[in-house]
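Undergrad: Okay, here's what each chain looks like letter by letter:
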Amino acid sequence: MARTLAEKVWDDHVVRRAEGEPDLLYIDLHLVHEVTSPQAFDGLRLAGRPVRRADLTLATEDHNVPTDLVQGPIADPVSRVQVETLRKNCAEFGVRLYPMGDASQGIVHVIGPQLGITQPGMTIVCGDSHTSTHGAFGALAFGIGTSEVEHVLATQTLPLPRPKTMSVTVEGSLPEATTAKDLVLALIAQVGTGGGQGYVVEYRGDAIRGLSMEGRMTVCNMSIEWGARAGMIAPDQTTYDYLQGRDHAPSGADWDAAVAAWDALVSDQDAVFDKEVVLDATAITPFVTWGTNPAQGCALADVVPDPQALPEGNARDAAERALGYMGLTAGTPLRNIAVDTVFLGSCTNGRMEDLRAAATILRGRRVAPGVRMLVVPGSMVVKLEAEREGLDAVFTAAGAEWRSAGCSMCLGMNPDTLKPGERSASTSNRNFEGRQGRGGRTHLVSPQVAAATAVIGRLAAPSDLTNDSAESGQ
Amino acid sequence: MDPFVSHTGTAVGLRRSDVDTDQIIPSDWLKRVERTGFGAGLFSEWREDPSFVLNAPEHRGASILVAGENFGTGSSREHAVWALTDYGFKAVISPRFADIFRGNSLKGGLLPVELPADVVATLMDLVENDPEALITVDLEAREVRAGTVVESFELDDFTRWRLMEGLDDIGLTLRHGDDIAFYEEKRPRWKPAARAL
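Protein chains in written order, with this note's numbering: chain A, 1 to 474; chain B, 475 to 671.
The following block holds chain B by itself, in its conformation from the complex (with noise of 0.2 Å):
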């Protein structure tokens, strides 16, 4: 995973809330056995009306995606973060996210950025009215900072760690192959098997 220390771009707002996980990737793209190639697909059936936001001229190139309360609710779906990704998405801020899509998120580069619904709200028209308005998403400060916004987000010092780093998260937990094995010993023994093949 590439590192993320901070980002600076311009952002498109989705003034919608419950942006689902079936919105932002249909399921019939869930078909693909790749991990890649999902950005066509971002917001497919919305992106059909000329008029959905993503597709005006003036956001072509934003890089943070703000939208309203609970977003990524709905399925575990990772391929809803390779879709934001893939398109050239680094961030997306909210007021609330679901918390698989959250987790998803922190695994795949893209940093959900939590801040309360008036700041949200401050954003969304900051950019709404001048879409050439650049936000920085400081992870290394936790801050966001755009116009007059400046307003601090929590993320726990390993996450943050770990995503300034770009670690992968297996190796890290590799590292404590020790500590698993000794786990397994004590487990009981009536606990359920597959069937071998």
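For reference, chain A alone in the conformation it holds in the complex (with noise of 0.2 Å):
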């Protein structure tokens, strides 16, 4: 029978399958965090069990970290105490940890692809809901709660029942000054919140295939974002070309006898998918959100939109409140609005390409007076490569702070916050309430708009800038 990409990954990996309850699933790669670990390590110390493997588990340290420092200690004690927790808990059981300071750490979701250790057709999870990021290799990946985790340290597999899936096509070919990121920030406005909701979609058309395995982790990191429980593109040449070469890829005899088993995970030409969507990428432009979700977004090109235009009932409410949170009114142009801070990084948009693309606009350029620009690696390792080519010293000629690799602005768990009132825009993935500190205000956007709204201080698209920019924050 005909079947789509993740149903064959789904059946390569039941280890039982029976009438009437859920398939117990073998877990090929366990990623773990200081964050949602703990009380799992606590649950098997409890009951006397082991990690059953080890081997399969890999863990750092990103949430709690300080990007200001390599090394500890941390000074907040409670963050402090959490990171200490989970090199314990490692040490105990057995687990490869990369702490701060080590070469190899970094955020989970970009170390992962850079090790090598995110594979075509594996089963990948981790406490985190970016999980979905790793299906951009064509790897079934998604986010459990702490629960889970401990039942996948204890058994490594999850029972779990078979989800619908979904195929959302970008046809055309993305326009020049578009990214991932506005796509996927587009497809969200399109579909919802919650259009994604127990479903593993996969990625396909044109649009997907021309972009970077780079640029495909930004789409798929998102696609929880829209609630699929996992996103997933259908490895090719691009995937391999990331691959070959890295540390925990196969090599030699076992290259070629993955790359025969990755060559069958497409989906078939007449399987059937529960659900479709198609999107247009030719009409796709620099996209920003303006409320307090991922799907409340709108070109960078229109205005605040009226939420009495919206129809009565939970849209329009939702829409009231975060304008009155974000302190927006309608109709203003998004490009009227000014920033006091911009945030660069994540596991949305932390990696090579992304530091790439923003120091060409920051060349020469200037951080606009009064806005703080955080560029922040998403890993050690990019920030090596990235002082390397010297676009450190770009950002800091640009008058924006260069940092350690961790997950920083996104989420609030460590000193990179925004203060109440304050209102950035951010590279990150999730623009809730609170989410970078509380009280701030957050627009969701591309590293090229990020880097074009440091320069001129309010949204802005790169093609806003004009060679006199270069001159205007001198």
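Below, computed lysine to any residue pairings styled on SDA-like, alpha-carbon distance capped at 25 Å:
1. A/Lys164 with B/Ser626
2. A/Lys275 with B/Asp630
3. A/Lys275 with B/Glu543
4. B/Lys665 with A/Asp241
5. B/Lys665 with A/Arg17
6. B/Lys660 with A/Asp12
7. A/Lys164 with B/Asp643
8. B/Lys665 with A/Asp12
9. B/Lys665 with A/Asp263
10. B/Lys660 with A/Ala249
11. A/Lys164 with B/Trp635
12. A/Lys88 with A/Asp102
13. A/Lys164 with B/Leu637
14. A/Lys88 with B/Arg669
15. B/Lys660 with A/Met1
16. B/Lys665 with A/Ala54
17. A/Lys419 with B/Asp523
18. B/Lys665 with A/Ala260
19. B/Lys665 with A/Leu160
20. B/Lys660 with A/Asp263
21. B/Lys564 with A/Gly198
22. A/Lys419 with B/Arg521
23. B/Lys665 with A/Asp268
24. A/Lys8 with B/Lys660
I should point out that these hints are in silico values taken from the structure, not numbers from a laboratory.
Assembling the complex is the task here: the two chains are given apart, and the hints tell you how they should meet.
TA: Written out as structure tokens, the structure is:
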């Protein structure tokens, strides 16, 4: 029978199937970080259970990490205890940890692909909803809660109901000045925060094929923001070129065997998806959010929408509430919105390509007076590579702060936060109330829009920059 | 986990859609390494507003939360479930839940009950007009009863059985240790593994 990519990967991992019960699914890789794991390790200890496959478990420190430090100790005692607890747990249960200061440390979803341990056809879980990032390689990757973290530590499996599948076909190619981030923000605005709920989504079409691995990761990363359990992209030559030669990638005859298996990871021609969505890439322009959920977004060229134009009910109520929180008035051109903070980083946009794109825009220009820009590489490897290319010098010459690897201002669990009322243009993934710090106001943007916004001081695209703006900030 | 068969209690209505996990339990609370004590952090930023519905004295002791659609959207933090249960909630009723939150609830002894939007609206009106109104969430019958409302909800047989028995999921899976070992035998050898310590 014809099957979708997601169904093939699922079927390959069924340990046990019984009528009236969820499938028992084998997990190839379990990524662990300090926030969602301590209670799971406690559970193991209480029950006297070991970690079944420490060799398929990998831990790093990211959420709490202060990015102005490479090594500890962390000043916040509560954060410090959480990180120290992870270290103790990993030592006790034999789990490989990449701690602060380690050359391989970084955001959990940045280091997996970078190490080459994220590969096509795998099942990958982590106690973090942005685990969907790894789906860019054709892996079935999804976030889990702490009870499930404990379950995977103890059994290397999860009992799960078979998900429905959806295809998102992005036709045509993206316009020159438009990025993977704009694509996914436009998609979320179209389908809504709950549009993917219950589905594993496969992104396909020419625009997806045309994306680099890093762009594909940005798209898959934000799958959860429209409710999808996971997002996947079938592996192709772009995937193989990225993987080959990486630390954990197979080599020699193993590489050939792996590629032969990966080549089969496509949805069959006549496979049936439970739902299909089509998007026209050619119509997408730089896209930003104006509200407090990732679906409340529109083209940068637009104005803040009028809630009264929405049908009475949830959407109107939510829009009214969001404008109140964001301190915005309907009808204001988005390009008139001034920010005081720009954040470039996170598991969505903290990789080399993102930094390069922003640096290209900032080279020879200055961050506008009164604007603070944080540039936070997604991993220590990204940091060192960027420094080899001299990107750090470009950022600091522009007046931005160059930091060390971590989740930083994406989520307000470390010293990098917004103060009440502050407004950011952020390359991260969530614009929820208080997400970047209590009372903070977040506009989600691409790295290119972030860089242009930093220079102009208001939401802007690179096309808004003239040669004059290179001097205006001086 | 305590068995859940049926629960009757008063309710509080949260008339908002897309209530995300960052609102249910702000990230500052996630730094804790314990599993208890999260009730104090439940909706902590919204609770600073004296007019927030959870602060209303007439809703004190409510054990069922009635909320708008897409409840629990956002992060995978199970702390959101721990905050709701620690505060005293046994069930949440909404037209739609985010997947990970729903899964976490079913592991953590908080029953996520999905009902049609018009029924949720009726329940919302009911508890706003009469904070003393009792709602029964009957897992055995897979039914919600309140005032004139009698509405069945869906939950698969296996999960219902597990919740009614209060069974440990991990214990259930470990019964299939042979199946897991058999699967591991035939995994391709080129699949990646972490570097040994």
